[in-house]
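J.: So you can see what is in the structure, the chains are spelled out below.
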Amino acid sequence: MTKPAENGMAEASASAILGQNAGPLSRAIGRLRGHSFAVANLLMAPTMLWLLLFLALPLGVILVYSFGGRGTYGDVIYGFSFDNYSRAFSPLWLPVILRSFGFAAIATLLTLAMGYPLAYFIAVYGGRRKNIYLILVMVPFWTSYLIRTYSWIVILRSQGVVNTLLQWANIIDQPLDLLNTPFSVILGLTYGFLPFMTLPLYASLEKLDKSLIEAAWDLGASRIWALLTVTIPLSIPGIIAGTLLVFIPAVGDFVTPDLLGGPDTLMIGNVIQQQFLAARDWAYGSALSFSLMAILLLGIFFYVRKVGTENLA
Amino acid sequence: MKKMDKELRVMALDGLAGPMTRRGFIKRAGAAGLLVGASGFIAACGGGETTTTAAAGGGTQELAKEIYFYNWSDYIAEDTIPNFQEEFGVKVVYDNYSSNDTLLAKLQSGATGYDIIVPTDYMITTMLGLDILQEIDLDNVPNVANLYQRFREAPFDPGNKYSIPWQWGTTGIGYNSAKVTDWVDSWDMLWNEAYSGKITMMSEIRDVFAVALFRLGYSPNTRDAAQIEEAKQMLIEQKSLLKHYTSDTYIDELASEDAWISHGWSGDVFQAQLENEAVMYSVPNEGSLTWVDSMCIPKDAPSKHTAEVFMNYIHRPEVAAGISNYVYYASPNEAAEEFISSEILEDPQIYPPQETMDKLVFLEELGEDTELYNTAYQELRAS
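These protein sequence lines map, in sequence, to chains A and B. According to our numbering, the first sequence holds residues 1353 to 1665 in order. According to our numbering, the second sequence holds residues 1172 to 1554 in order.
For the record, the hints were derived by calculation from the structure and aren't laboratory data. Idealized CB from N, CA, C, for every residue including glycine. Please note that the accuracy of each hint is not assured.
Claimed, not checked - Stretches of chain B that chain A covers, calculated by requiring three or more beta carbons in the stretch to come under 8 Å of a beta carbon on chain A: (1) 1366–1377; (2) 1406–1414; (3) 1467–1479; (4) 1532–1539; (5) 1546–1553.
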């Protein structure tokens, strides 16, 4: 498993998390590897145990549920049938799935369009204030996502901040319908996930070797050309990590469409949530979750292969 | 029956002490953000030593040091729990949920340790079907004698074997009388094109369908697929007029005039009324739903006896009245009438007149036929 794409991914996310070059770490691991497997296993044990207990095991439970059925009172009846999967792939949900992917894709592009210049600015021009800028990017995380989404209601509603200002300035006479629209949902997703894009981009731009850009300039490349042919290709790992970190949770999000959405903004996350709560059909909800996961995994696989290999090979 | 979709929202609310109606939520949201971590419990003094009490009819039995009470958010008077703690020396650990679905999902996924929960009528049938409730020893709850007769023989639990009612109310429509000048007491108002974009519907599956079924003249508990299909078509027609489906934010939206006509629960609309005098509540002439939330004891409750003592305390007339005076829902306790403020007792929206009462129906658990509604609801939302 040494596809360049995967290395790129792993490194991008590792450096995103560590906020530094992963070089010394991999050297250290290399030394450990030379010394003893036992030490390496010991280091991995807590994470592995955690993942086993809180990721693999629950996923297994959901997989088992997904082949079952709904009991009279909403309990799970175990069994082995693909009914839930054929229901999950019914044409009924196609518009909902397309909408979920559409909203998430737009939000991802918007966060990329805003996050890239921001990350570039911090990495290149941040200077001594770099850490302050980074903290400012993360400040919204100090408040619950729910509270931040509620504040958008206050901003967007008909007697909200935006409409009041526009009316006061005589730009509009009737309040605009901003809330409970696709616009408000995409806005909420974009706002909520922006830091997930900015931070990996920063990590990748920060460690970029500036002398390569200078070399491009010296060799006659214009600023734009150098950006397009040197800077952006070298920051591909950050772009991959950022887009995945934004796109995947955005596709499955249910809080944002629930609070900011209208009657026509139902996303697949809402549908899954409804199965577990209102409809009390855990088996069907599990099958829907697994189907979504499968579609996403497949998508990611092709995405990383395509973008990753073309630019990193 | 005050629902909010997300548990998190409840957590945010729980962080705020003191009198709290949900309409204050947005304003206090900032404070909630800081307090979320420490939320969930009203940890008032109490506890410590074990107290004994003479249980009516049942000799002397030791009370537990604490009981765990899991109730709807904003559904109790300020002094209900502190007074109990002081008198009985039992600490009440108070925790909130947002919907019957959340409550059931928690119990089904093995959340244990609650002594008292407060599910709604039809959910009690569900829980009995799942065998997760235990029988109440009525010898410990002599105050059930204070209940109105109709709450002693409720169809979902005749004789109060498993449930002691907490509060009850109706489902109807909240509207802004200043904006909606041609009001009539009919579900038709939720289909009135003149108010397109200003109408909200609740998001509970059965409640949504009940509206269309009443409008069509059918029973909200129908098992007839053709009638449900007809109701679905009617609801699909309505979709383009809706602002959104919501079972909680409509309180704020009615108050702030973002919504003019909202399908909702009586007490929730009264909360909006406190903030905006133009907000009115109506039970449509075609008929509507009534519901009652009742205290139950889960099978694995650690302190059953103490829970029964607490239930008995709740149905002292002055305690039951105190809750109604605070939350604006009607009390199932007849003896409490003399302590309930006349403003509430004489309000036909809280205590409806007999002719309205005759048109009120309980939702029933339909077992396997629930699927008919689930499927239709999914088709409605995906359409």
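J.: Run every hint past the structure and note whether it holds.
T.: We went through each hint and held it up to the structure:
1. 1366–1377: Our answer is that it holds, as 4 residues pass the Cβ test (under 8 Å) against chain A, meeting three.
2. 1406–1414: Check passed, 4 qualifying residues.
3. 1467–1479: violated (count 0)
4. 1532–1539: Since 3 is at least three, the answer is holds.
5. 1546–1553: Check passed, 5 qualifying residues.
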